[in-house]
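S.K.: What follows is the residue order along each chain.
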Amino acid sequence: MQALLDILTNHREVAMSLAKIVAVLAVLLPMVAYSVLAERKLSALIQNRVGPNRVALPLIGGIPILGPFLTRLGFWQPLADGLKSFLKEDFTPAHVRKAYFWLAPALALVPAFMTMAVIPFGSFLGRERMVLADLNVGILYTFGIVSLGVYGIVLAGYAANSKYPFLGGIRSSAQLISYEIAMGMSVVPVFMLVGDLNLSKVIAYQSDGLTSWLVFKQPVAFVIFMVAAFAETNRLPFDLPESETELVGGYHTEYSSMKFALFFMGEYSNMIASSAMMVTLFLGGWTLPFFGLNATPNEDGAIWMGLAHIGIFLAKVMCLLVVFIWVRWMLPRFRYDQLMDLGWRRFIPLGLANIVVTAVILFLQAKQ
Amino acid sequence: MIIKRTELSWLERMYFPTLWSGLRVTARHFYDTLFRGGRVTMEYPEQRWTVPEGYRGAPYLVKDAEDRTKCVSCQLCEFVCPPKAIKITPPGPAVDPTTGNVEKRPREFEINMLRCIFCGFCQEVCPEEAIFLMKDYSLTGLSRKEMIYDKEKLLSLGGVHNDQIRKWKKKEAEAASQEAFKPE
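Sequence lines, in order, name chains L and H. If you number the first sequence the way the working numbering does, the last residue is 368 and the count never jumps. If you number the second sequence the way the working numbering does, the last residue is 184 and the count never jumps.
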């Protein structure tokens, strides 16, 4: 204990890193919970329904207008959902492979959290950079970690030891490998333009106003990245691993209570992570080309500016989450061959062509 | 019938028309639900169906306009009831002076709502028009015992039936006229 305190007092960067990790998790976990609520509420509105509107807290529910309004909004629903998953029976079927069965949910969730480490979610707060690890190989790290996420799903399918989860796991591995390639292809032109793999540099490149945002410079790359992100997070037009109409529940058929909740949280934190990635790569990160919010504050810059940048980043991520959610209730599921066709025969050639065209343009610009 | 499958155009194979129409449909529903009252959900315990005329809900006993139990304990409904949900305890030889000229009334009348199948035979068979299938369709209780409705409960739920015929009133009048009849 004394040693730990010594480290924290003598090594400021360790203490600050720990504080930042706690802060990021404290924002991320409620965001996961509330994106589930947003999913349910938006789907309800799209389908002419009401959505969650019952959960009320004893004291706050009694406040005249606010209480009923929050209840109507389903604001406390995530609490009830979370409590439910804790209290449900954690059932392990007799036929599963126990060790893998216990390992898989953790493996599904951890990579989703780890991707958040390299994403710059703000500029400076005081003298502290608002990124957990300012890696020079940020994007490579992300790709490495994201592709680990598939192990959780494949392992869940294998551990369940029954046919539908197994099919789900197999589909997931095929799908993730295919779209990982398209995703990798799509970001190459981005880094050709920026000239650096560090994500903070990517944001610095985009801080010259709206036209410098990479979504406008590389629209094709953005589209490919976005579609691939849908596939990687198993979201609806590509949710073949889950595919409840044909595979019962896909890879998490045999799971219940908190283990199922971990898969569920993994899916949503993956959504948040890839939204954050898209914001960083294409939508200017924490910058905003109005009110002078583009400028990187110097080391002793105003604290409100740092807070504003974090707010901008979160707002952009939330907009993308709404897109994720909206698309789920808009498009039917792809057939498996269509999915493979789209990945291998459309997006990979398109990504390659995009790289070549960008290279030629950059070459011509350099010659002038 | 052979359906001719048309070749998809270049644009259609790029999924763009599908994306656009999907966005249009969902956005329209979203807008309708949010701003134009397009919500179709009925929030059940607070809002309820108004059931149509002639709906066969729970059977209750009724009183007549003079606040008398119409049932005369003939036990026809008990006899006809297919699931044997009705149990009537007849009054026995004791005469109730408060009932006037009505010869009999049930000492106890129980309907087990867990057994009742809402067929309406009791209403059909009743010679006194004393039992009716009303519009209640959601009967709930915390125990099986609670779901056996006794006479007081059935009467209070059933209310008053304003019968035009007034059989027992007529009989009373007839009896009175018999008394008053003086053969010359």
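Keep in mind the hints are simulated off the structure, nothing from the lab. Each hint should be verified, as a subset may be incorrect.
Have a look at the derived ranges for each label pair, beta carbon to beta carbon [as the list claims (entries may be wrong)]:
no., chain 1, residue 1, chain 2, residue 2, range
1, H, L142, L, W304, 55 to 65 Å
2, H, L142, L, E128, 26 to 36 Å
3, L, P289, H, T140, 19 to 29 Å
4, H, K153, L, P64, 30 to 40 Å
In this text the structure is predicted, and so the values were computed from the model without any measurement. Using N, Cα and C, we set each Cβ at its ideal position, and we do this for glycine too.
S.K.: If you check the beta carbons of K153 (chain H) and P64 (chain L), does the distance land in 30 to 40 Å?
M.R.: holds (38 Å)
S.K.: With 55 to 65 Å as the target window, see if L142 (chain H) and W304 (chain L) comply at their CB atoms.
M.R.: Since L142 (chain H) and W304 (chain L) have Cβ atoms about 57 Å apart, the given range 55 to 65 Å holds.
S.K.: Taking the Cβ atom of L142 (chain H) and the Cβ atom of E128 (chain L), is their distance within the range 26 to 36 Å?
M.R.: violated (58 Å)
S.K.: Does the beta carbon distance between P289 (chain L) and T140 (chain H) stay inside 19 to 29 Å, or does it fall outside?
M.R.: violated (60 Å)
When the structure is compared with the earlier hints, violations turn up for hints 2, 3 and for no others.
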